[in-house]
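Q: In case you want the letters, here they are:
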Amino acid sequence: MRIPDNLLAQQFTARIDSVTEKIATDQLQISSGIRILQPSDDPSGAVQAAALTSSLSQLGDQAQVVKQAQSWMSSEDATLGQIYSQLQQAHTLAVSAANPQSTDSSEALATQVDAIRNSLLQLANTEVNGRYLFAGYKTDAAPFSDTGGTVNYTGDNGVKTVTVGDSGSISFSHPGTAVFGTPLPGAAADPAHPSVFATLDTLSAAIRSGTTATVQASIDQLNTQLQNVNAVSAETGTREQQMTQLTDYITQQQTVLTKTLSDTQSTDIAQVAIDLQQQQNIYQATTYVTSLLGKEGLLQWLH
Amino acid sequence: MSLFTTINTALSGLLAQQQALEITGNNVANAQTPGYHRQQAVLSGSPATAPVSPSAILLSAGVNVADITASRNAFLARQSDGLSGQVGRWSLGQQSLTSIQSVIAPGSNLDLSSMLDNFFGAWQQLAADPETSANRNAVQSAGETLANTLNNQANQLSALAQQTTADLTTRVDKINTLADTLAQLNQQIAVAQASGTTPNDLLDQQETTRNAIAQLAGTTTLSGNSGEQITNLGGRALVEGAVANHLSVANGQVVWADQPSQAATIHSGEIAGIQELQQTVIPGYQTQLDDIARTLANTVNALHNNANNATGAYTATGTAAGDFFTGTTAASIAVDPGIVADAGQIAAAKTASTPGDGSVANAIAQVAKQLLIGNQTLGQAAQGMLGQIGTAVQSAQTNLQASQALQTQVQTQQASQSGVSIDEEMSNLLVYQHAYEASAHVMSVANDMLSTFLSDMH
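If you read the protein sequences in the order shown, they are chains A and B.
When we follow this note's numbering, the leftmost residue of the first sequence carries the number 1, and every step to the right adds one.
When we follow this note's numbering, the leftmost residue of the second sequence carries the number 1, and every step to the right adds one.
With the rest of the complex left out, here is chain A (with noise of 0.2 Å):
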């Protein structure tokens, strides 16, 4: 076969930028990190590592907000159980002033429960950050209220809740009605299920005036109002659980589809280095090849 002049040079400028265009891809791979540098390098590895980029992003998403239901509820949890203490103080004081052996001052026990009562009203208008804790969704604004010796509840039924990737909805908040019994704005209380503060101020008043029978009722009443606190509690520690199980959860799948990641579009540094090895060679290799093959030739033989 003939081999004329300019087939040699195009041939020979053919290879080096072909083996050129590798070397710098090989780079671009080793000093990036990664393989997948534009979607038509690898597409359906390119489509998987956005879903998985994606994903991540996600996670990241829904480990905040789990932070976020967390902190309200570790701030519920702790303000319940100081409650449920004030609630079990009342509860004794009203035992003891049931029990006729008592030597307690009616006064004293009844300035007591006011002040437990008064304590609980605090106690109700926790706020944290900013946030009342017990106001359902009308957060703004403290949501009980002393009028002419009345507790009233401005705040809603609203209970906080969001929807945590696949796990469905968790809610993490009590309005007060809740927690205290107290009816919502405008709603007539019911006799049959007063409110803590009701009972309250009805066994202060059976204290002070000595009805027995009344202070009876107060402590039935006390006793289901302290089951219901506990209960509220046992809600809100069972959801925290169920946020660390959570969060432990997300944690495992952000290492899982970060390795994931990694192994569809990290560059495989070794094979990466040693291919670059081999083109820089044939670079050599060629240009050498090509620089004696200038020198030779007959022209150069006939003078």
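Note that these hints are calculated values from the structure, not bench results.
Remember, predicted model here, so these are calculated numbers, not experimental data.
Do not take every clue at face value.
Here are the computed lysine-lysine pairs in the DSS-like style, where the Cα-Cα straight-line distance is at most 27 Å [as the list claims (entries may be wrong)]:
| no. | chain 1 | residue 1 | chain 2 | residue 2 |
| --- | --- | --- | --- | --- |
| 1 | A | LYS259 | A | LYS67 |
| 2 | A | LYS259 | B | LYS174 |
| 3 | B | LYS369 | A | LYS67 |
Given the structure of chain A, go ahead and fit chain B onto it with the hints provided.
A: Positioned in the frame of chain A, the structure of chain B alone reads:
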């Protein structure tokens, strides 16, 4: 036979070798000229006019250059035309698709899928903590970035579509110029051939011009009934002998200039690549972007606008919320100006004056998981586009490499037959040089003989 005849014969040798040397010189000079076919002198003995006495043997009267041939291979030239069309089509396709790819996949965390994640992620944060105004600001800015990303991609695709229309016009103009050139060449070649000469340089130009047209429009060459060359474009002659038909662009279509209602059928070449981009590829991506933008705007607005949401949607200030997005195409989608001015206009709650309620925000965050476009989420639709453009670029690259490999083979064969090898020309040079010297020597000997004869006569 006379000594004068010998001198004449030697002279014909001198002249023929000189001409052969000139051809060698021309070959060497054109060693790097594209489209040049190496030429060769065809030497032939000159027939004697009459038997030469006394032997009555018919001796030829020297040598002459009967023809100058160029090593031309019509089959390889046709093959090269076809491959040039393929290479033209795919190299244009690969370049343009790579541009589209850089629009759709601008790099990690800048693509549409990431922007959708950020947007819905911001809504989820707002759902969990609707009282914090920073969360509303985050939704506002993520919404704006998402809308801007859609706007940018749509605008860049439109710009590419406009660019391809401009490219089409440029190339059609180029084809018309080349067709005129080819028609002229065809005529000049016909005239030259009629007078019995071989117009090698014109034939080289004809081949180069034909190849340039093929690269643009994938034309093929046929021979007409009377031997004229026909450059065929989708069943009609672009150039027939000395007549060139012109093309023009009407409404983004390539049509025949003399019959504007008739579209030119172009299946290969750069123009086929442009038409594919213009008619299928770019509109395809535009439609997908518009689908995503429209679905996003409609779905989010249906939840965000109090008038559309059955359970209600209220802003931070307790007023009934309006649309979140305006515009329903990728180019026009934007965050509502009221929300841009005041992030408090974002609805998180289903009733007025309930700052702790994030149920609307929660519902909007769930849009990310809804299968809205062909059994896919919005994010999956955006990711699908990445895969689609990636595959398109990859297949254009593969096709380009395959057609280039074939083209290289044909070019190698062509070069092997018609390229200039300096070594070969140098050896020819030696042969012609020695032949010239030998002829000169013959003449010198004849001269001596003649001198001897003449001086002895005195």
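Q: For each hint, tell me whether it holds in the structure or not.
A: Hint check:
Annotation: proposed proximity of LYS259 (chain A) to LYS67 (chain A) holds, straight-line Cα distance about 24 Å (limit 27 Å). For the hint linking LYS259 (chain A) to LYS174 (chain B), the alpha-carbon distance of about 54 Å lies beyond 27 Å, and the restraint is violated. Using a Cα cut-off of 27 Å, the hinted pair LYS369 (chain B) and LYS67 (chain A) holds, with the two alpha carbons roughly 21 Å apart.
Hint 2 alone, counting from the list given before, is not met by this structure.
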